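**Q** Same order as they appear, the protein sequences are chains A and B.
Just so we're aligned: the first sequence equals residues 1 to 414 in the working numbering.
Just so we're aligned: the second sequence equals residues 1001 to 1118 in the working numbering.
Note that these hints are calculated values from the structure, not bench results.
In this text the structure is predicted, and so the values were computed from the model without any measurement.
For glycine and all other residues, C-beta sits at the position ideal for the given N, C-alpha and C.
You may find that some hints are simply not true.
Stated by the list, open to error - Chain B is faced by these chain A residues, among others (derived, beta-carbon under 10 Å):
| id | residue |
| --- | --- |
| 1 | H115 |
| 2 | P116 |
| 3 | A117 |
| 4 | T149 |
| 5 | I161 |
| 6 | A164 |
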Amino acid sequence: MTALERVVREEWGRLVALLLAQFRRLDLVEDALADAVEAAQVHWPSDGEPDNASAWLVTTARRRILDRLRAEAMAARKEPLLATEAERRPQEGVMADTGDVVDDDLLRLVLMCAHPALPPEGASALSLRLVMGIATPDIARLFLVSESTMAARITRAKKKIVTAGIPFAIPGTEAIGERLDVVGHTAYLAFTAGYAPGSGPDLLRAELAGEAIRLARVTHALRPSDTLAHLIALMVLQHSRRDARIGADGELVLLPEQDRGRWHHDEIADALAVLAGAGPASSPLSESYRLQALIAAEHATAPSSQETRWDRITDMYAALEVISPSPAVRVARAVSVAEAEGPVAGLALLESLGMTGHRLPAVRGELLARAGDAQAARVALDEAIALCDNDVERRHLESRRAGLDAPGATAERT
Amino acid sequence: MKRYLVLIAYEPGDWEAAGPEERQIYIDGHQAFHDFVDEHGRRISGAALAGADTATTVRQSAVTDGPFAETAEMIGGYYDVELPDLDHAITAARLLPPSYAVEIRSVIDLDAAGERVG
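With the sequences and hints as input, model every part of the structure.
**A** Shown next as structure tokens:
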């Protein structure tokens, strides 16, 4: 990673926040910073890297913004001097050109990008763009949409911020918790998009999931909350299995078959420490993250698949279903009950359950196969295969289906 | 300061059907909204509107009977206010009677030539 790439990756959000605090012009700030990065790509290789890379970028971007403000004032036939008001105005915050910024400015930016008045997908994309500094084409790739679609989504979100007057501000103490929950949701949405994409050739895009965790960590460092802590623990635990989820030929490897040596055990230890230090959940949302993190922790700490404490996991899923009932939670609970008490008990929980997508028929097919009903299992798996739009997962379902056709295959399982 | 049009929609007949105590909830909600806006910005205007069944819609040269859209809820009143930002507008809107659906729209400044200003 070059010095420039490092600055962009680690400092982008701070630089955006710093310039926004001074100029309050989202439309100018981002373009100016992008211009500054372009200029750095040209100048740094020949002139050498500046001692303070972020200060160099801020100074260059600030010059561009002032040029634009002057041009706007001229175009509006106003007194050109008016445009330089921003120059003369005492700068807010403590910072001059050192590239430092008070953390509150970054928190303002995080909260602005994840404002509840923005559509959730737009908020996720905008957070990755403005806070994390990920280029729009990369965000498009991570969300599996075309570059023009993603560019339009980000533009719409920025336009809404400017037009509707979404503030670059930290809300009062009574509202900040609610707003941080939205940031968490925004991060989790991006994480989920990376962890279990619905379509396309790659089973998971670990990079997006990693960036989502980074967004949550940055926010948690600025304003710690039990909700964010539980969410970070949950995401890190799931993320720690990323390498083991994909086999040598890009095929899906399910939890029981995963090589536990390929899990990132340092990350698991870190997540367990976060979970232990998070304290009790202060809201149902926080509690639902906490229970999911505890479930993930049971898997992460089981020495082998056979030694998984399914009895504990079924209890936690039952508690989770009380707090946030949904078909997806019911399906996950049925899987755990099937492990703890057998496939028939799991199937009983799925009776008369409705859920769109391939997941429900896939689980039903698997449990029917284990219960020895190969015929019903084939029907369910066929349905799942028809509904599945992720190439890797569909191949897994197809091989499971093919295994049922082999004579004696179900007998072995039962 | 930004200027917002706060559009208030509710089920027709809610107010007429309300008893004295329920009506007081409506009155208190509007008073809380007034107080908040006066403290943080400025009330430019506001009014309750006659029922959508008496509305007139003008499209090009055609004048038609009725509101823009037939919905169960109708625009029953509005406030034109100036407040620092959307968060203040949302806080103010939440003070209004809870049975309302409130739409907040930014007012755009146009210059004499019809170009957007700011």
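**Q** Evaluate each hint against the coordinates.
**A** Outcome of the hint check:
1. Hint on A/H115 holds. Least Cβ distance to chain B is approximately 8 Å, under the 10 Å limit.
2. Taking 10 Å as the C-beta cut-off, the interface hint given for A/P116 holds, the closest approach to chain B being about 8 Å.
3. Checking A/A117 against chain B by beta carbon gives a least distance of about 6 Å; that is within 10 Å, so the hint holds.
4. Because the beta carbon of A/T149 sits about 25 Å from the nearest beta carbon in chain B, more than 10 Å, this interface hint is broken.
5. The criterion of a C-beta within 10 Å of any C-beta in chain B is met by A/I161, whose closest approach is roughly 9 Å, and the hint holds.
6. Below 10 Å, beta-carbon pairs count as interface contacts, and A/A164 has one with chain B at about 5 Å; its hint therefore holds.
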